[in-house]
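A.B. asks: Protein sequence lines, in the order shown, are assigned to chains A and B. Under this note's numbering, the first residue of the first sequence carries the number 408, and numbering increases by one thereafter. Under this note's numbering, the first residue of the second sequence carries the number 3, and numbering increases by one thereafter.
If you are wondering where the hints come from, they were derived from the structure by calculation, not from laboratory data. The beta carbon of each residue, even a glycine, is placed where N, CA and C say it ideally should be. A couple of the hints might just be wrong.
What the hints assert, rightly or not - A few chain A residues that face chain B, going by a derived Cβ cut-off under 8 Å, partial list only:
id: 1; residue: Ser657
id: 2; residue: Leu659
id: 3; residue: Phe663
id: 4; residue: Ala667
id: 5; residue: Ala668
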Amino acid sequence: MAASLLPVTTRETDTPAASEASAQPSTTESFNAKERAVLIGWLSGFAVLTPDLLAVLLANSVMLLADLLKTASEAVATFLSWLALRRIRQGHSFDYNYGQGKLENIASLGVAGALLLSWFIVVWGAVQRLLHPTPPGRIGMALLVTGGSACFNFWLWRKNRQLARGEASPILAAQARLYRAKLLTNGGVIAALVLGFVFRGHTWAAYLDPLGALLLSGVLLLAAYRVVTDSMDDLLDRTLDESLQLVILSELATRFDEYAALHGIRSRRSGSHIYIEIFMEFEGDRRMAEVQDLINRLRASLEARIKGSQVVIAPVTAPVN
Amino acid sequence: MQCIEEKQDVVAIVGLNGRMDAKTAPLVQEKLLGLIDQGEKRLVVDCTDLAYVSSAGLRIFLMAAKRLTQNSGRLVMAAMNEDVKQVFDLTGFSTIFTICTSREDAIGRQTRGA
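Kindly produce the complete structure, drawing on both the sequences and the hints.
C.D. replies: This is how it looks when you write it as structure tokens:
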């Protein structure tokens, strides 16, 4: 009864996640939706580059220049994420039994790299402008483009967040963070442009653009940090977090009298998949059918409580490290 | 984490001092399973100074309990603090372990059972 007090937990991202079993026919639709969302992401990223460039030239804004470079690097990173998803959808599980899911983590690191590059560009540009302040130029085009970008980024953020709620996908989680960061950047750019224009008669107004850029650089850095920390643990095959380990142990405690010995437990993630291996010993005089029945019940119970998990229970007679 | 071992009559007592997590659990594993392999059948784990136990620690206790059961032995836990007791309750370990509120109770229980 105490075991039932433990929640059915999943990996913590920004939002609750459910199971993604890309190999299972029943989740093909959700996987395709995820792939479409990422496709829209990089297509839209490349689509806004030209109007963004025009806005930069007209407004003479370091913040807009940084935003342009950031958008370009993010579009490339999103494109890499889409390629990873395509590869996953096309199979290759026979070539990489466990590594398939790690493509998502690697793609997420690409997204983090884009965010870090963007941070560097923004900081460099802002420092240069602080040292050599320049009054703002024409901002009409910039406001139009940035406003449109903000609306689109808001839609992409909500869409990816909604998909991330139904999946345990590192890519979607990284994408949601990316679009949230982009949305905040858009808001900062609009605010700096408007204030710079309104107070353009004041000398200090020339510093609004670079100061705004520096503030936004913190957002970029934080987003990159979170994406990296989320992905690196899984790439290094870190064992499941404590809450899920306790779920496994509670199941073993519930069935304490049904096996002779516990010789080891291993666990790890690969993308949105969770792999759990339990090594148990059974009494020598038990029939194989009884042992198989216990294995099936334990596996079913664990896979129901830990979303996205695949549980293997191996009968052994010696400790496993 | 320190493991302090002592013997009273037929009861082997292992006192745990510190935190039992993924780093320190192997030390306790070596101590507990080593005692069981040496033939000890009545074990008391004194948790008076055990500040925290993680899933790694619980796994060791489970392994030790199963191995003792196979050898017709028994493991009794003693003097857990609230945090450790809560973890045992949440995972259902309270139903498979005998838990005494004090070290003396645990030793007495194991002695009477001899």
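A.B. asks: Does each hint fit the structure? Answer for all of them.
C.D. replies: Verification of the supplied hints:
Restraint check, serine 657/A versus chain B: the minimum CB separation of about 4 Å is within 8 Å; hint holds. Hint status for leucine 659/A: holds, given a least beta-carbon distance of 6 Å to chain B, under 8 Å. Residue-level restraint check for phenylalanine 663/A holds (minimum Cβ-Cβ distance to chain B is 5 Å; threshold 8 Å). Restraint check, alanine 667/A versus chain B: the minimum CB separation of about 6 Å is within 8 Å; hint holds.
Satisfaction of the interface hint for alanine 668/A is found here, the shortest Cβ-Cβ separation to chain B being roughly 5 Å, below the 8 Å cut-off.
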